[in-house]
Amino acid sequence: MSKLLNKQLKTLSIFALIILMCSIPVYYFVIETIWLGELDDHNALISQSIEERFSNSEVNDEELENVLSFWDALQAGTQLEPLKNGIFKADSIYEVEREDIWGDGEMERFRVLQSTIKINDKNYLLTVETNVEEASETIFIISIITVVFVLLMIIGFILINRKISAKIWGPFQSTLEKLKKFQLADESALSFEPTQIIEFAELNAELELLIKNNIAAYQKQKRFVENASHELQTPIAVLKSKLDLLLQSKDLSEEQSKIVSAIALPLSRISRLNKNLLILAKIENHQYKEEEELNLNDLLSENMEMLDDYIQSKGLNFTIVSSEQINLHSNKFLLETLLNNLLTNAIKNSAQNETVRIELIENSLIISNAGTQTLDQKKIFERFSNVSNESGNSGLGLSIIKEICSYNNWSISYEFEKNQHIFKVNF
Amino acid sequence: MKILIIEDEKELARDIKSFLASEDYLCESANNYADAIEKIHLHDYDCILLDLMLPGGDGIDILKEIKSHHKQDGVIIISAKDSIEDKVLGLKIGADDYLAKPFHQSELAARIHSVIRRKQFDSTNTIEQDEIRIDTLSKTVTVNDQQVILTKKEFDLLVFFVGNKNRVLSKEALAEHLSGDIADMFDNHDFVYAHIKNLKRKLKDAGCANYLTTVYGSGYKWKI
Chain A
1 MSKLLNKQLK TLSIFALIIL MCSIPVYYFV IETIWLGELD DHNALISQSI
51 EERFSNSEVN DEELENVLSF WDALQAGTQL EPLKNGIFKA DSIYEVERED
101 IWGDGEMERF RVLQSTIKIN DKNYLLTVET NVEEASETIF IISIITVVFV
151 LLMIIGFILI NRKISAKIWG PFQSTLEKLK KFQLADESAL SFEPTQIIEF
201 AELNAELELL IKNNIAAYQK QKRFVENASH ELQTPIAVLK SKLDLLLQSK
251 DLSEEQSKIV SAIALPLSRI SRLNKNLLIL AKIENHQYKE EEELNLNDLL
301 SENMEMLDDY IQSKGLNFTI VSSEQINLHS NKFLLETLLN NLLTNAIKNS
351 AQNETVRIEL IENSLIISNA GTQTLDQKKI FERFSNVSNE SGNSGLGLSI
401 IKEICSYNNW SISYEFEKNQ HIFKVNF
Chain B
1 MKILIIEDEK ELARDIKSFL ASEDYLCESA NNYADAIEKI HLHDYDCILL
51 DLMLPGGDGI DILKEIKSHH KQDGVIIISA KDSIEDKVLG LKIGADDYLA
101 KPFHQSELAA RIHSVIRRKQ FDSTNTIEQD EIRIDTLSKT VTVNDQQVIL
151 TKKEFDLLVF FVGNKNRVLS KEALAEHLSG DIADMFDNHD FVYAHIKNLK
201 RKLKDAGCAN YLTTVYGSGY KWKI
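Chains as they are written, first to last, in the numbering used here: chain A, 1 to 427; chain B, 1 to 224.
Hints are computed from structural coordinates only; laboratory data are not their basis.
Errors might be hidden in some of the hints.
Said to hold, decoys possible - As a list, the in silico DSSO-like pairs of lysine-lysine whose alpha-carbon atoms are at most 30 Å apart: (1) B:Lys-223 / A:Lys-258; (2) B:Lys-64 / A:Lys-250; (3) B:Lys-153 / A:Lys-242; (4) B:Lys-119 / B:Lys-2; (5) A:Lys-282 / B:Lys-81; (6) B:Lys-139 / B:Lys-153; (7) A:Lys-332 / B:Lys-64; (8) B:Lys-200 / A:Lys-332; (9) B:Lys-119 / B:Lys-223; (10) A:Lys-242 / B:Lys-81; (11) A:Lys-314 / B:Lys-202; (12) B:Lys-204 / A:Lys-314; (13) B:Lys-200 / A:Lys-258; (14) B:Lys-87 / B:Lys-39; (15) B:Lys-152 / A:Lys-314; (16) B:Lys-221 / A:Lys-220; (17) B:Lys-221 / A:Lys-314; (18) A:Lys-178 / A:Lys-163; (19) B:Lys-64 / B:Lys-39; (20) B:Lys-153 / A:Lys-258; (21) A:Lys-242 / B:Lys-202; (22) B:Lys-10 / B:Lys-87; (23) B:Lys-197 / B:Lys-171; (24) A:Lys-242 / B:Lys-204; (25) B:Lys-119 / A:Lys-348; (26) A:Lys-250 / B:Lys-17; (27) A:Lys-348 / B:Lys-171.
Stated by the list, open to error - Interface residues of chain B toward chain A, partial, derived using beta-carbon atoms under 8 Å: (28) Phe-160; (29) Ser-170; (30) Met-185.
Note that CB positions come from ideal geometry on N, CA and C, so glycine has one too.
All chains, please: the whole structure from these sequences, using the hints.
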């Protein structure tokens with residue numbers, strides 16, 4: 001994985017490098033062709049002007065001998081000599097490589113034009129040479145220039161890249177940061193920084209819409225659970241009161257009474273389930289806002305007292321180890337519900353005459369009770385994951401514990417060790 | 001004794017009426033806001049049962065109206081809302097009690113008794129029935145002028161039974177009365193049996209007649 005801009009930069013740089021490398025031979029051939037063409041023209045001009053001057057000066061043969069004798073010394077780069085056999089020869093253009101006569105012994109390249117000119121009706125061979133830069137030197141210089149430009153271009157790319165990254169991608173980065181921090185449960189819609197880039201503006205607009213719709217759907221769903229539970233409360237209340245009335249009828253047989261009691265049990269389960277759903281919905285809807293200083297030790301003993309009847313009737317033995325006073329800032333109802341659910345869970349899932357151990361140490365609450373096999377650690381806090389008809393669990397008790405803990409930023413863990421179910425809340 | 005039931009669920013209002021019928025109460029009902037406001041202005045009641053969610057208005061406003069006229073009517077809020085805020089708010093404004101739906105009729109009857117008892121100026125906070133005398137303030141019980149020592153739960157049960165005489169009370173209703181919301185969490189309420197057994201024995205030992213009877217298959221009854 002690499003950044004989009006770096007990836008672009010890399011690709012562009014490689015492309016630029018290839019193109020500029022390809023340009024080296026092209027430059028060379030173009031320059032060479034133009035140059036040679038110019039040199040050939042130049043040689044032709046010189047040869048033409050020499051021929052014209054001779055024909056205009058009207059030298060006699062004797063003078064011509066003299067001129068030819070020191071011609072090479074006067075006219076550097078040209079040679080004039082009588083044509084052997086006197087036969088007219090077609091013009092020829094070629095290159096030679098030899099040491100420069102004045103040079104330091106290095107090999108030089110020359111472009112040569114050999115043509116036949118007529119002086120006093122005799123054919124002479126005129127050779128015009130011009131020094132040409134060697135191919136290797138040309139290629140070397142072009143390469144150096146190209147490499148310099150490649151480097152300049154890459155440095156330019158990097159600098160521009162940085163600037164673009166900071167300026168153009170700024171809004172994108174801020175969008176990304178906001179998305180990273182976004183939590184659906186917060187229910188606050190996001191608004192992104194305005195940007196001049198069409199793509200980012202579109203992205204931001206789409207994201208804002210998406211988030212808005214998601215929040216609306218989330219709220220709707222939460223409200224639905226809350227409203228549904230509220231709506232269920234009245235029919236449950238009517239059913240309960242009808243059963244109370246039915247129990248009062250004088251001519252109710254024992255058989256019928258038993259049926260009434262048998263209806264009362266599932267009804268109270270529905271009622272419990274409904275209440276728990278409502279609590280969950282209210283926690284999710286952040287309706288437990290009022291917070292106060294609470295002493296966990298006191299609340300625990302109050303709760304134990306309320307549960308005393310159920311503890312006694314199961315013959316359970318509660319051992320409390322509390323080495324410190326734990327004070328918390330939280331919602332009272334939620335903390336009570338937390339304790340209640342933890343204790344109720346331990347009571348319900350303990351066999352007769354067992355021991356339940358409660359520890360209040362190091363800012364945490366540990367409740368352990370005996371059991372035969374471990375519960376599924378991953379699923380235990382999920383809603384309706386451990387519904388059982390025998391214990392009458394609503395399947396929501398532990399989910400509520402979990403929700404209350406996360407609402408307060410406490411951590412809850414479950415372990416099974418030495419045949420003990422251990423629940424630990426870290427405050 | 002006059003009782004006003006402000007409740008939009010007519011079935012529930014009717015049930016409350018018929019449950020209380022055996023007692024010396026005159027029950028009227030109002031099932032919307034306007035009706036309720038009219039009734040509280042026209043009459044005085046010993047106890048008003050007030051639902052908070054009503055067609056046409058909020059029950060809390062009715063409560064404010066009652067209190068602003070310095071009426072002496074006892075008010076029990078019966079609400080499906082069951083939120084701590086509503087409970088606290090209702091009690092702060094001046095409601096005498098708060099009962100969350102769904103509730104047992106017997107529980108409501110007991111609460112009505114308690115509210116009316118507290119509102120009566122001439123009352124000495126005692127309940128008398130034949131040889132039994134219950135002082136609800138000092139929480140003492142005498143049978144034939146002889147004190148019977150009861151635990152708090154046994155005392156609560158006795159008051160509950162006496163307030164619901166000749167009615168069949170299910171184990172759940174008794175458990176809910178004793179443990180409140182917590183009873184909701186359990187299916188098994190066998191502990192009620194232990195308390196009733198103890199209460200029965202203590203009353204019998206003090207020479208009290210056997211009012212407390214078991215109704216097979218459904219629960220218990222205070223029979224006179």
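Here is what the structure says about each hint:
1. B:Lys-223 / A:Lys-258: Holds, because 20 Å separates the two Cα atoms, which is no more than 30 Å.
2. B:Lys-64 / A:Lys-250: It is violated: about 41 Å lies between the C-alpha atoms, which goes past 30 Å.
3. B:Lys-153 / A:Lys-242: holds (27 Å)
4. B:Lys-119 / B:Lys-2: Roughly 13 Å separates the two Cα atoms, so the pair holds.
5. A:Lys-282 / B:Lys-81: holds (11 Å)
6. B:Lys-139 / B:Lys-153: holds (11 Å)
7. A:Lys-332 / B:Lys-64: holds (27 Å)
8. B:Lys-200 / A:Lys-332: violated (38 Å)
9. B:Lys-119 / B:Lys-223: holds (27 Å)
10. A:Lys-242 / B:Lys-81: holds (20 Å)
11. A:Lys-314 / B:Lys-202: Given pair A:Lys-314, B:Lys-202 holds - Cα atoms ~24 Å apart, limit 30 Å.
12. B:Lys-204 / A:Lys-314: With a Cα-Cα distance of about 27 Å, the restraint between B:Lys-204 and A:Lys-314 holds, given a limit of 30 Å.
13. B:Lys-200 / A:Lys-258: Holds. B:Lys-200 to A:Lys-258 sits at ~23 Å (cutoff 30 Å).
14. B:Lys-87 / B:Lys-39: holds (24 Å)
15. B:Lys-152 / A:Lys-314: holds (20 Å)
16. B:Lys-221 / A:Lys-220: Roughly 47 Å between the alpha carbons, so the hint for B:Lys-221 and A:Lys-220 is violated.
17. B:Lys-221 / A:Lys-314: holds (26 Å)
18. A:Lys-178 / A:Lys-163: Satisfied, since the Cα-Cα distance of roughly 22 Å is no more than 30 Å.
19. B:Lys-64 / B:Lys-39: holds (15 Å)
20. B:Lys-153 / A:Lys-258: holds (26 Å)
21. A:Lys-242 / B:Lys-202: Distance ~33 Å between A:Lys-242 and B:Lys-202 Cα, so the pair is violated.
22. B:Lys-10 / B:Lys-87: holds (23 Å)
23. B:Lys-197 / B:Lys-171: Holds, at roughly 13 Å.
24. A:Lys-242 / B:Lys-204: Status violated; Cα separation ~33 Å.
25. B:Lys-119 / A:Lys-348: Distance ~41 Å between B:Lys-119 and A:Lys-348 Cα, so the pair is violated.
26. A:Lys-250 / B:Lys-17: holds (18 Å)
27. A:Lys-348 / B:Lys-171: holds (19 Å)
28. Phe-160: With a minimum Cβ separation of about 14 Å from chain A (threshold 8 Å), the hint on B:Phe-160 is violated.
29. Ser-170: holds (6 Å)
30. Met-185: The hint holds - B:Met-185 has a Cβ within 8 Å of chain A, the shortest such distance being about 5 Å.
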